[in-house]
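Take a look at the letters that make up each chain.
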Amino acid sequence: MSDGTGRRPSDATGYWKANIRTIVGCLIVWALVSFGFAILLRPILSVIPIGGTDLGFWFAQQGSILVFLVLIFFYAWRMNKIDREYGVEED
Amino acid sequence: MDQYYLNLLIIGGSFLLYIAIAIWARAGTTSEFYAAGRGIHPVTNGMATAADWMSAASFISMAGLIAFSGYTASAYLMGWTGGYVLLALLLAPYLRKFGSFTVPEFIGDRFYSRSARLVAVLCLVIASITYVIGQMTGVGVAFSRFLQVSNSTGLFIGAAVVFFYAVLGGMKGITYTQVAQYVVLVFAYTVPAIFISLQLTGNPIPGLGLFSTYENSGEPLLATLNQTLADLGFSSYTAQDGAPLAVLNMFLFTLTLMIGTAGLPHVIIRFFTVPKVSDARLSAGWALVFIAIVYLTAPAVGAMARLNIMDTIWPNGTQNAEAIEIDELPAWFENWQTTGLLGIEDKNGDGRLQYYDENGTPSETLGTTELAGNELVLFNPDILVLANPEIAQLPGWVIALVAAGGMAAALSTAAGLLLAISSAISHDLVKRSINPNISDSAELWWARGSMAVAVVVATYLGLNPPGFAAQTVALAFGIAAATIFPALVMGVFSRRINNVGAVSGMLTGLVFTVVYIFLHKGWFFIPGTESFPDTIEGSLFGIQSTAIGCFGALLNFVVAFVVSGRTADTPDEVKAMIENVRIPRGAGSATGH
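The listed protein sequences derive, respectively, from chains A and B.
Going letter by letter, the first sequence gives residues 4 to 94 in the numbering used here.
Going letter by letter, the second sequence gives residues 14 to 606 in the numbering used here.
Careful: at least some of the hints might be erroneous.
Stretch by stretch, here's where chain B covers chain A in the computed footprint (C-beta under 8 Å, at least three residues) [as the list claims (entries may be wrong)]: (1) 21-35; (2) 62-76.
Calculated lysine-lysine pairs in the PhoX-like style (CA-CA distance at most 25 Å, straight line) [to be verified]: (3) B:588 - B:289; (4) B:289 - A:20; (5) A:84 - A:20; (6) B:360 - A:84; (7) A:20 - B:588.
Since the hints were derived computationally from the structure, they do not count as laboratory data.
Computed from a predicted structure; not experimentally measured.
Ideal placement from N, C-alpha and C gives every residue a C-beta, glycine not left out.
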């Protein structure tokens, strides 16, 4: 069961903080690609051409969806790791 | 084979499949009825969630919206997918750990308040009923077009099929039926798109074809589309309206759709069906994989269909050329004119169909005959996906497949919504509020009974839509965003929010959002009672009613925090419960509610 990093089953606060850090990190990326690249920052990205339009349009119609996908699977993978580290994984 | 019999064969075959699955997967216990016995694999659940989520609006309307508003419609693409990030990070694992059967059950227990439970039931029922009307109307329309029966007959057949598999199978039957419906839906959506992408760009993957070279012009597809639209005076397909209010509204609308998606109960309850907390996180990812297959294809379908329509009407290009003769229009023009969703009118009487933007600034060289106004007087965006195989001259079986796909999309969402409504009534009203001593088998009868009543009500509303079916989607998303999502998030992430705070927050969010929508769309959607026009310029504060839900959510958070800070602290046993919900271990034992 042990993964060598030292199990801290009673450290619920540490576990929750690690979780919140992961969530905040993912949400920053989530907001950056959608509200950022696709909407607010699009004028800046418009210098990068892609397939007859610009990078901001690509993020608006496809890029952000692809990043959302990566984010969820990253979160699931990362949380499984944190679960094991703090010894709160399911049996 | 005649198209009618092909349609009958493929649609009928898909219905038989759904019913067979329902008989195989019928529910025997309340746990199976509400949460499919919590034994669904995350990939299976992801597929079912995708079918549940992608409604008639996603399948039939979204590509049409994109085709006619281009970049601005990206709000739907990002909003309807970005919500899954919120679900995976903020809700799914904790609600699964809590082990409730319904959304109001979590809210009622976490905020130790009967009022909170009842407010949640109210919001859930309003949001779900308004949403289900649109699905039922969609079933009627699809039937009348493809099986040549009346709207009402089509609706009765659809309702009978849903009734059978939802009442019999509950969540368990619905889950496996939705998996089958997803397969039908995704084939129906992608097959025509692949054909069209190959015809236009030579690229078999539509999502990549969108950014490839258009074979007829040798230029990128989107650049060609932009040029054609500019020649005809239409606004650019890919350009952003840089006006601050336009940017702000797109931002807020996208945010509202994301929060609303994460707060819609029929999606949330799907995460109760997987065995473990880690499966709930993963399941949101799989749901988005299956949704993305359609959502990455939709922008390609929109742009390519728009270009196809332009090329059909202006076959020799827009410079010094003639529009198509009305007699030479392809057959699908005539087919769809009979449905009243497409209208042409030869205003200058030259026997040709001139399509351009009379309010825009078409290029001076446009056509050689006198123009008397746009002659494509009506093009309902909803016909785009259904007519797409005909527009691209695809074989008859593809047309039948698309019809079956449209129905699968509408029926799967209707079933999910009906289950959310019926479980809130049988579990939260009857079992948790009125008669706590009810036996498991009696509760199962209540669950089936309220499902049956919900199907009948939905059918009645589908037959007699209150005349505002299209507008109610804003209401459903606004309510889900302003009430359910904040209550759930605060329930997990704050120990300090208490019963009074939660109820005041939800009521504030509900009243604010509903009143703002009614001010712009009319009180109870009655025409003429609105105080502000539903445009960006005319709106109160310059924010459109469809984008207001995120402010409702913000108010909900603020009021809940302020009120909780001034009232008694959360009891210790509730705090212990919150601590427990935050930790994955022991999810198996939490299922015995």
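Here is what the structure says about each hint:
no. : hint          : in the structure
1   : 21-35         : holds (count 5)
2   : 62-76         : holds (count 11)
3   : B:588 - B:289 : holds, 23 Å
4   : B:289 - A:20  : holds, 22 Å
5   : A:84 - A:20   : holds, 14 Å
6   : B:360 - A:84  : violated, 68 Å
7   : A:20 - B:588  : holds, 17 Å
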